[in-house]
Structure formats: C-alpha cells, structure tokens
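A.B. asks: The listed protein sequences derive, respectively, from chains B and G.
For the first sequence, this note's numbering gives the first residue as 1, with consecutive numbering after it.
For the second sequence, this note's numbering gives the first residue as 1, with consecutive numbering after it.
In short, the hints are calculated from the structure, not lab data.
Quick caveat: nothing in here was measured; it's all calculated off a predicted structure.
Careful, some of the hints might be misleading.
Here are the in silico distance ranges between beta carbons for each label pair [claimed, not checked]:
| no. | chain 1 | residue 1 | chain 2 | residue 2 | range |
| --- | --- | --- | --- | --- | --- |
| 1 | G | Tyr276 | B | Leu40 | 42 to 52 Å |
| 2 | G | Arg23 | B | Leu280 | 40 to 50 Å |
| 3 | B | Trp42 | G | Lys237 | 27 to 37 Å |
| 4 | B | Phe47 | G | Phe212 | 18 to 28 Å |
| 5 | B | Trp42 | G | Arg20 | 55 to 65 Å |
| 6 | B | Phe47 | G | Arg20 | 56 to 66 Å |
| 7 | B | Gly218 | G | Leu68 | 46 to 56 Å |
Keeping only pairs whose Cα atoms sit at most 25 Å apart, straight-line, the calculated BS3-like set for lysine-lysine is [as the list claims (entries may be wrong)]:
| no. | chain 1 | residue 1 | chain 2 | residue 2 |
| --- | --- | --- | --- | --- |
| 8 | G | Lys237 | G | Lys88 |
| 9 | B | Lys78 | G | Lys148 |
| 10 | G | Lys80 | G | Lys65 |
| 11 | G | Lys162 | G | Lys80 |
| 12 | G | Lys237 | G | Lys80 |
| 13 | B | Lys156 | G | Lys65 |
Heads up, incomplete: computed chain G residues facing chain B, CB under 7 Å, no partners named [said to hold, decoys possible]:
| no. | residue |
| --- | --- |
| 14 | Leu18 |
| 15 | Arg24 |
| 16 | Phe26 |
| 17 | Leu30 |
| 18 | Pro32 |
| 19 | Leu36 |
| 20 | Tyr37 |
| 21 | Pro44 |
| 22 | Gly58 |
| 23 | Ile121 |
| 24 | Ala134 |
| 25 | Phe135 |
| 26 | Ile185 |
| 27 | Ala188 |
| 28 | Val236 |
Glycine included, C-beta positions come from ideal geometry on N, C-alpha and C.
These are the residues of each chain, in order.
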Amino acid sequence: MSTATTGSRAESAAQDPRTPAAAPAGRRRVPWARLPGAALIWLFVAFCAFTFLFILLSSLKSSYNVLNHPFGLPTELKFSNWSRAWHDGGFGPAFVNSALVVVAAAAGTVLLASPAAYVLGRNQNRLSGGVSMYFVLGLGIPMQIIVLPLYSIMAKAHLIDNLAGLIVLYIVVNLPFTVYLLMSFFASLPGELEEAAALDGVGPGMTFWRIMLPLARGGLMTALTLVAIACWNETFLALMFLQTNDNFTLPLALVNFLTQQQFTGEDFGVMFAGVSIAVLPMLALYAWLGRRITEGLTLGAGK
Amino acid sequence: MTSATVGVRRGRAKGSPLARRRRRVFGPFLAPALILYTVLFMVPTGYSFYASFTSWDGFSNPRWKGTLNYDHLTHDPAFKDAFFNTLKLLFGCGIFLFVLSFAFMLMLREMKGRRFIQGFIFLPHIVSGVALAAFWDFLLNHDGMLNKGLHSFGLGPVDWLKPQWQFNAILLAIVWINTGYYVTILMAGVDRIPPYYYEEAKLAGTNSWQRFRHITLPMSWDVVGTAAVLWTIGTVKIFEFILAFSGSQGNLPTTNQWTSAMYVYGETIGGTSPIYDFGRACAGAVVTLVAVVVVVVVLRRVTSRDRLEL
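Bound-form chain B, shown alone (with noise of 0.2 Å):
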C-alpha cells in the first residue's frame, strides 16, 4: 500500500495533469472550458476579499465618504470611529465581555471534555460506545429546543444575565462537539508511552495529565480555538439569556447599535468601526491558526 502509493506519487508528478502532455487530445478543450469556472472562483474570492477590505476602510473613514465613495479610500484617517464605537457605541464593555465569556467558556469546556474524551477515546467496549453515542446524539439537537427549559432552569437559579450564567451555557453547548472532536484525537494517539507509564507505576491521573494531555497538545488547541470562535459569534444565547447593555457581549452590542443607529440616523464609520472590533480579533485568529481551524472543523466533520 505505502509503496504502491510512493510510486503512483512520483508517476503523478512525471505526468501532472496540468502538463499538457498527458492529454494531447483535450489539451486546447480543457483549459478554456475550465476558464468561466476559475473566473467565478477568483470574483468569489475577490468579493470575499473586498467585504473584509471594505469593512476595516470604511472604519476609518466618515459617514458622509462610507455612503457617497464606498469604493474609494478614505481621505483622512479618522481614528475617532473607533473611539466612538469603543466609548460611545457599547462596544468597549462590549468587547471586556466578550473576551471574559470566551476565555471562561473555552477553557471551562475543553477542561471538562478532555478527560472525557481521553476514556471514551482510548477504552473499546459498549459502555463508552454507547456513552460516545450519547455525547454525539447532542450534535444533532438544535439549540432551540433547550433553550426553553434552560431559561427557565437559570431564571430559577438567579442566572438570568449573568455572565457566569452563560458561560455555563456555553460549556454546556460546546461539550458534544469538544469531546467528539478530542475522542478521536485521544484515540489516534499511540499507547505506547501510556503503557509504559503504567508499568512504572505512574497512576492513572498522573498518566493522562503528564503524559496524554501534552501528547494532545495540537488537539486541545484546536478545540480551544474552535470552541472561542464558536462563542465569539455565538448571538442566539446570548440574546435569550443577556437583558442589559452592561451584560452585551459584541454580537448583542452589535444587534443593539444596529438598531439603535436607525432611530438616531446612521453614522456608517462609526458602525463600521464597530463591526472591525467584532470581526477583527477572529480574523488575527485565523491568520494566526487558519490551517488548524479549517482542519479541525473538517475532521470533526469528515467521519
């Protein structure tokens, strides 16, 4: 298999599809068929592009040239959009909020799944099947449906706009996918070093936080980013269980500016800035990670 495999890849590097030589016959088809279809890929990629350009631009700039040259570059930096969003707009407490519930929620979560996840990952029997099983049923629950009863349960225990309150939720609703995601990580790990460990009389606890935990370094920081890019956007929850503005995390601070912004006449440079501070930490993430988000969210999904 492995050879066989070493030896199509250097057979595919002799004859790369792109070189025209492997298909004399479509060699002067292929390309301008294919031409419609990369165009459409690179306006897609240019309009992706120019929304995030757009965006940070139009938040240095003032409403009157975000409204009459949206395209243009701004003529003067105007700094004060930021200022005024931060102070004026909500969005500085806003932001404190945010950065509080998604540091809690993420490390809450990922501390509670990854024991978890580390038995369910490595035993092989029917009871952590099952229990595996249990933990997935919750990925397919929409929200919707807990919510209510949740509402009710945190309106009983006082925890109605309560930060902590949601970050309780938050775990909560991150768990099945925290632990499905580092059950497979735990069990593609090798148990070598795991059994060793055991043989020198190393306990259990000691096994997992000294050994397994750094071993899954890369896994745990993938749910760690992942779960804190959930809960940075996440808006539905927060909206049922945040009342004032004191409380808003950035979508709510957002959502309410927005709103706001209608009654009073719309400063676009100042909502714009706005929006930068809410999607801005995620984009500096995704710079910095973006190859472990897009692999992590693809191998939660691709089993």
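Given the structure of chain B, go ahead and fit chain G onto it with the hints provided.
C.D. replies: For chain G alone, coordinates are given in the frame of chain B:
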C-alpha cells in the same frame, strides 16, 4: 498501533494493570462532563417534549393541554413561515450550495494558489453573522453600495430588498457564508482518494468526465453525505444573520422571514412585547427536531447505499 490495541483488549479481559488503571479513572474522568451534559442538555431536551403538550410561560408550572399546541401550529401563519423558510434554506439553499461547493472543489484541485483561495473563501464562516449582515445590508440597501455602483454606470437604483426579494437576499448570503466551509470538507474527502486510481483510469484511456463519474463521485459520496447531514443540522441554527439583516428598530423581522430559531425567540422573549408562550415554542422546536431527524435518517440511507471502503 494495531498490536497495542489488541494487547489492551486481550489484557482487559485478564485485567492487565493498564486496563485496570483505566477502568479506575473511567468514572471520575467521565462524570463531570457527563453530568453537566445530562442535566443541562439532555434533560432540557426531554423536558421540551413534555412542555410542548402544556401551557407554559417559563416561570410558573406548566399546565397540561394535550396536543393543542400542535393543533395550533398547523394553522399558525408565523410557524408555517418559519418552517417553510427553514425548508427553503435546507433544500433550496442546500442544493445550490452543494453544487457550487462541489464545482469549486473540483476546479480548485487543479488550480494554482489553491491554499490561498481556500483561505479566503473560508473567511466568512468564522466571523459573526451579525457583522456580515451589517455589511450585506449596506451592500443591498436603497442608498447602498450596489446601487451606487450601478449609478456610476448610469443605471437606476434597484430595490434589492423589496419584500418579495428580501429572503432571497438572505439565501444568497447564507450560500456565500458557507461555501468555503463545504469546499474545505469536500476537499478533505476527495484528497483521501488514492491517486493511483486516477493513474490507472488514465492509462485505460478515460476522459476527465469519466474519471469524475466513476472515481471521484462514488468515492467521495460518503463525504457528501456527511456534509449534507452537517448542513441539515446547521440550517436550523441560522438565526443571527436574519435578525440583524431584517430586524428593525428593536423589532423582529416580519414573520415571512422567520426561521425555526426565530420562531422560538419570537414566541417567547423576543421583540418589543414578548409573548412568553413557551409551550407553543417548545412544540415548534419539537417539530423542527423531528424534521431534522427524518432528513438525517433519509440522507444516511441514501448516501450509505454505495459507500466504498478505501
């Protein structure tokens, strides 16, 4: 790896030290996650089924009222809108999205700068739907960017957001947001197909359509199936883009743009004058869940038909 697994399995029956250790931590390691998940996820799911047969405001105790909530749903225009819009997203948007993603994936495989392109088209998937809605609204508004662009070509403003078009604008945006994600998933699946299949097919004198038809499609069929299941589960979550795009002045969007999640929000604490009809909202959520389960089961049946093992 394989021998280790076998060793562990055989050892477990005898009670090897490793297996015994693992069993000792099985409970304690699992318990926190399992308990939290059960209490705050699975119990609420079950409770929603019960509450859907009651009259409940979310604060006092539910009162039993049989299937009245479900009867009501069948002629509640808001729920019909929400349900059909969710189906529109699921199938209308879904078919378009999958054809586009599959075509992109096939073309990208042979394009230069594939990583770069993939990186860019994935971007909308990781930012907040609210932020994208703000941009999308600015793009399509009467005074918005698209009309400004048209104006410079001497074309009159088009009312892109007139009521009968607005939901289509949402559908288009959802396709845009999700294409990169599904291209990436499909790509990961197709990349697993061993290249020597293509080599042999090429030697046998097949053309690229035949190779697509007889290798790529059957061998990525299970990934397409998984992606379709993910999409099904994902559509019922679509909420914030629509809220931010179509909601106005603290009010919810009009019901002809509601989706399932919007229905639950709108029938309970959403809007300027909340309705607090938790029982009916639960019934709506149960119907949605049942629809999702049915679609997932059908999809699994259809796509597992000629699944191939590599």
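A.B. asks: Please go over all the hints and tell whether each is borne out by the structure.
C.D. replies: Here's how the hints hold up against the structure:
Here the CB-CB span from Tyr276(G) to Leu40(B) is close to 48 Å, well matched to the stated 42 to 52 Å. Checked against the hint of 40 to 50 Å, the C-beta distance between Arg23(G) and Leu280(B) comes to roughly 48 Å, which is consistent with it. Roughly 30 Å separates the CB atoms of Trp42(B) and Lys237(G), a value that falls within the hinted 27 to 37 Å. A beta carbon spacing of about 27 Å between Phe47(B) and Phe212(G) agrees with the range 18 to 28 Å that was offered as a hint.
At about 60 Å, the CB distance of Trp42(B) to Arg20(G) agrees with the hint of 55 to 65 Å. At about 58 Å, the CB distance of Phe47(B) to Arg20(G) agrees with the hint of 56 to 66 Å. Take Gly218(B) and Leu68(G): their Cβ atoms lie about 53 Å apart, and the range 46 to 56 Å holds. Of the pairs offered as hints, the one joining Lys237(G) and Lys88(G) holds, with about 14 Å between alpha carbons and a cut-off of 25 Å not exceeded.
Of the pairs offered as hints, the one joining Lys78(B) and Lys148(G) holds, with about 23 Å between alpha carbons and a cut-off of 25 Å not exceeded. Distance check on the hinted pair: Lys80(G) and Lys65(G) sit about 21 Å apart at the alpha-carbon level, within 25 Å; holds. Note on Lys162(G) and Lys80(G): the hinted pairing holds, with a Cα-Cα distance of about 21 Å set against a maximum of 25 Å. Of the supplied pair hints, the one linking Lys237(G) and Lys80(G) holds, its CA atoms being roughly 17 Å apart against a limit of 25 Å.
Straight-line distance between C-alpha atoms of Lys156(B) and Lys65(G) comes to about 24 Å, which keeps the hinted pair within the 25 Å bound. With a least beta-carbon distance of about 4 Å to chain B, the hint placing Leu18(G) at the interface is held under the 7 Å criterion. With 7 Å as the threshold, the beta carbon of Arg24(G) comes within range of chain B, its nearest partner Cβ sitting at about 6 Å, so the hint holds. The interface hint given for Phe26(G) is met, as the beta carbon of that residue sits about 5 Å from the closest beta carbon of chain B, less than 7 Å.
Annotation: interface hint on Leu30(G) holds; nearest CB of chain B at approximately 5 Å, less than 7 Å. Restraint check, Pro32(G) versus chain B: the minimum CB separation of about 5 Å is within 7 Å; hint holds. Taking 7 Å as the C-beta contact cut-off toward chain B, the hint placing Leu36(G) at the interface holds, the least distance being around 6 Å. Of the supplied interface hints, the one on Tyr37(G) holds, with its beta-carbon coming within about 5 Å of a beta-carbon of chain B, less than 7 Å.
Because the closest C-beta pair between Pro44(G) and chain B is about 4 Å apart, less than 7 Å, the hint holds. A cut of 7 Å between beta carbons decides the hint on Gly58(G): the least distance to chain B is about 5 Å, and the hint holds. At its closest, the beta carbon of Ile121(G) sits 6 Å from a beta carbon of chain B; the interface hint therefore holds under the 7 Å criterion. For Ala134(G), the interface hint holds, since its Cβ comes within 7 Å of a Cβ in chain B; the closest pair sits about 5 Å apart.
This hint holds: Phe135(G) has a C-beta 6 Å from the nearest C-beta of chain B, less than the 7 Å allowed. The beta carbon of Ile185(G) is positioned within 7 Å of a beta carbon in chain B (closest approach about 5 Å), and the interface hint is therefore held. Of the supplied interface hints, the one on Ala188(G) holds, with its beta-carbon coming within about 4 Å of a beta-carbon of chain B, less than 7 Å. The beta carbon of Val236(G) comes within 4 Å of a beta carbon in chain B, closer than 7 Å, and the hint placing it at the interface holds.
Of the numbered hints given earlier, the model fails none.
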